[in-house]
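Enquirer: Okay, here's what each chain looks like letter by letter:
Protein chains: 2
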Amino acid sequence: MNPNRNRQFLLVNRPTGEPDEADFMLVEQPIPVAGSGEVLVRILYLSIDPYFRFYMSEVTPLIAPHPLQEVFGGDGVGQVIVSNHDRHKVGDIVKGNFGWKEYAVAAGDRLERVSPEAPASAALGLLGTTGLTAYFGLMDIGKPVPGETVVISSAAGAVGTAVGQIAKLQGCRVVGIAGSERKARYLLDEIGFDAIVNYNDADWRAALHKACPDGIDVYFDNVGGGVSDTVVTLLNRHARIAVCGQTSHYNGSPAVSGTSIPFALWKTSALMKGFMLYDYESRFDEALSQMIKWFREGKLLNHEHVVEGFEQAPRALIGLFRGDNIGKMIVKVADL
Amino acid sequence: MNPNRNRQFLLVNRPTGEPDEADFMLVEQPIPVAGSGEVLVRILYLSIDPYFRFYMSEVTPLIAPHPLQEVFGGDGVGQVIVSNHDRHKVGDIVKGNFGWKEYAVAAGDRLERVSPEAPASAALGLLGTTGLTAYFGLMDIGKPVPGETVVISSAAGAVGTAVGQIAKLQGCRVVGIAGSERKARYLLDEIGFDAIVNYNDADWRAALHKACPDGIDVYFDNVGGGVSDTVVTLLNRHARIAVCGQTSHYNGSPAVSGTSIPFALWKTSALMKGFMLYDYESRFDEALSQMIKWFREGKLLNHEHVVEGFEQAPRALIGLFRGDNIGKMIVKVADL
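As you go down the protein sequences, you meet chains A and F in turn.
If you're matching positions, the first sequence starts at 1 in full-length UniProt numbering and goes up one per residue.
If you're matching positions, the second sequence starts at 1 in full-length UniProt numbering and goes up one per residue.
Worth double-checking, as some hints may not be accurate.
Which copy is meant is left open, because identical chains are indistinguishable; a pair holds if it fits in one copy or across any two.
Capping the alpha-carbon separation at 25 Å, the derived lysine to any residue pairs in SDA-like fashion look like this [claimed, not checked]:
#, residue 1, residue 2
1, K267, R14
2, K267, T230
3, K210, I31
4, K267, H238
5, K293, Q170
6, K143, P213
7, K143, Y280
8, K267, P65
9, K332, G99
10, K299, A334
11, K267, G225
12, K332, I31
13, K267, Y51
14, K267, V59
15, K210, L62
16, K267, D140
17, K267, I63
18, K293, P50
19, K299, D189
20, K143, K210
21, K168, A202
22, K299, P30
In case anyone wonders, no lab produced these hints; they're calculated from the structure.
Please model the complete structure; the sequences and the hints are all you need to start from.
Expert: Below, the structure is given as structure tokens:
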């Protein structure tokens with residue numbers, strides 16, 4: 001490695017709509033030195049997540065805005081190359097909130113060891129926060145019963161592809177809402193969704209109705225907006241809606257729909273609940289054991305969209321909001 | 001009694017907006033004769049309920065439209081004057097779905113005996129479906145904890161006045177939303193609400209914010225629409241919303257608001273659940289025992305708005321949608 005070259009992306013501008021490449025600036029810094037209790041990590045993969053969009057704004061619903069002129073980003077997985085911490089050895093694979101960098105120093109106590117039983121990137125997707133989000137939203141709020149119909153918006157996304165697989169394991173009819181024929185084919189052929197409705201088709205509402213002949217029992221919502229207005233017209237009595245994300249509003253567009261939801265809930269005695277993964281922190285181990293078990297048995301697959309090259313991180317984020325990915329959006333920074 | 005005079009109201013027209021007196025026609029029929037297993041009831045009180053508005057339309061969300069040219073109405077309380085049924089004696093007070101009539105014959109098996117321990121009309125309000133609706137929505141969905149803030153829309157209505165009282169018994173701060181100064185005064189002075197916000201005031205949003213300095217933990221929603229859009233901006237994490245009614249839509253107006261709700265639920269991990277009283281049918285006895293106990297102890301009062309005279313039934317219904325009532329809207333047909 002070149003000790004003087006540690007590329008990083010700073011946030012330099014707050015977008016008003018979709019993020020843009022000009023919102024980020026690539027800089028080079030020296031590779032930092034690990035102090036006492038710290039480790040130096042060579043980053044292998046970066047997690048690209050919808051919530052990044054909030055960070056970029058001045059006003060955010062849940063988290064503090066990301067400061068301008070500082071290194072942007074979120075979780076990553078990397079390999080320990082220097083360790084001043086008992087629990088981490090050189091060569092270990094670890095996960096941490098490193099930001100968009102090629103090398104990072106972090107307190108050893110704040111790093112999580114990644115199981116060697118799965119590809120390293122899975123710790124950012126199916127076997128990480130993405131998979132756990134799918135698990136708790138579906139199992140704890142959706143409470144699917146065999147034979148019920150589960151509808152998933154943004155079905156081709158990181159969380160959606162995980163929810164679809166878990167719902168199939170529960171014996172449900174699984175119907176996805178996605179935005180392209182390419183995604184529809186993938187979800188049907190590679191993941192085993194029972195039906196996919198393309199919301200860009202003019203007659204998608206009729207198609208959803210047809211895909212759910214017995215109504216909808218569980219709705220796992222990643223998107224919100226007008227899609228939800230249509231879904232709720234098909235709710236069965238005592239249906240459950242898990243509100244995982246509202247990506248239709250993340251780029252700052254006002255909420256223009258959702259108007260029919262309270263009335264629909266009232267009409268069907270349905271439940272709608274928002275959640276954050278950290279609501280379930282005390283049950284992470286339980287869920288992760290189950291997910292790893294299913295993964296080992298070949299019942300769950302880690303679907304990911306890997307963008308190659310550290311310098312592609314901004315483009316990967318832009319692509320996430322344009323719907324480029326099927327499964328988890330990942331930037332591959334370096335080979336193991 | 002005059003055996004030839006049993007006044008009744010027929011539904012003769014389906015309104016497009018608010019109901020109108022011309023939607024009903026007053027007719028006279030002979031007083032019917034009780035057959036085997038039946039009783040003849042002289043009606044004392046009629047229950048006037050928001051759900052009547054659905055009945056009147058061609059297209060209804062939950063119940064079949066009420067046929068034209070047939071006797072309109074819902075529950076009433078009356079006195080048995082002829083009985084061909086073992087369980088009912090002449091002089092007993094009974095509750096049943098009689099419709100808007102002065103005398104009705106009903107199958108004895110379908111009548112409920114009314115406890116003599118409370119005024120007869122209470123069986124249509126606090127100690128009937130109204131009070132049970134308040135009880136289950138608040139206790140089962142709202143799950144109030146002492147010290148929490150409970151907000152109630154349509155606070156001066158039949159359900160709202162009951163919810164407010166039960167929430168006070170749970171040790172909560174209780175904030176009502178109502179539409180006039182007269183109602184505000186009554187709710188503060190007679191029921192003990194901690195604060196009332198008048199949604200007709202230009203600055204009611206600021207007033208609600210001020211009335212809920214610690215945010216909102218439970219929202220008991222009878223109204224929906226734009227009021228809810230404001231309430232949800234003040235939700236605390238893990239707040240609960242019971243959707244009891246959506247009266248802002250009952251007169252056929254489209255749902256013009258509610259847009260911010262899914263986003264707010266997501267942001268706060270809040271729960272929103274619709275319900276119908278009959279979801280809780282297996283627990284009616286439990287709830288009614290508790291309500292009667294509180295009533296006997298003087299901890300709950302039956303607030304009602306009594307309109308005198310059978311011929312006033314249509315005007316009472318129109319008044320319900322104009323917000324004339326504080327507490328349960330009742331038509332008094334006859335003295336005991």
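Enquirer: Hint by hint, note whether the structure agrees.
Expert: Checked hints:
1. K267 with R14: between (42 Å within a copy, 21 Å between copies)
2. K267 with T230: Intra 15 Å, inter 22 Å, cutoff 25 Å: intra and inter.
3. K210 with I31: neither (57 Å within a copy, 52 Å between copies)
4. K267 with H238: both (10 Å within a copy, 23 Å between copies)
5. K293 with Q170: within (15 Å within a copy, 45 Å between copies)
6. K143 with P213: within (20 Å within a copy, 35 Å between copies)
7. K143 with Y280: Both: 15 Å inside a copy, 20 Å across copies.
8. K267 with P65: between (39 Å within a copy, 15 Å between copies)
9. K332 with G99: Within one copy only: 14 Å inside, 71 Å across.
10. K299 with A334: neither (29 Å within a copy, 70 Å between copies)
11. K267 with G225: both (20 Å within a copy, 15 Å between copies)
12. K332 with I31: Answer is within: at 19 Å inside a copy they meet the 25 Å cutoff, but 85 Å across does not.
13. K267 with Y51: Between copies only: 12 Å across, 32 Å inside.
14. K267 with V59: Between. Shortest inter-copy distance 14 Å satisfies the 25 Å Cα cut-off; intra-copy 35 Å does not.
15. K210 with L62: Between. Shortest inter-copy distance 22 Å satisfies the 25 Å Cα cut-off; intra-copy 37 Å does not.
16. K267 with D140: For K267 and D140, both the intra-copy (23 Å) and inter-copy (18 Å) Cα distances are at most 25 Å.
17. K267 with I63: between (35 Å within a copy, 10 Å between copies)
18. K293 with P50: Neither: 27 Å inside a copy, 53 Å across copies.
19. K299 with D189: Cα proximity of K299 and D189: one copy only (15 Å, versus 63 Å across).
20. K143 with K210: Within. Shortest intra-copy distance 23 Å satisfies the 25 Å Cα cut-off; inter-copy 38 Å does not.
21. K168 with A202: Answer is neither: 28 Å inside a copy and 51 Å across each miss the 25 Å cutoff.
22. K299 with P30: Close neither inside one copy (44 Å) nor across copies (72 Å); limit 25 Å.
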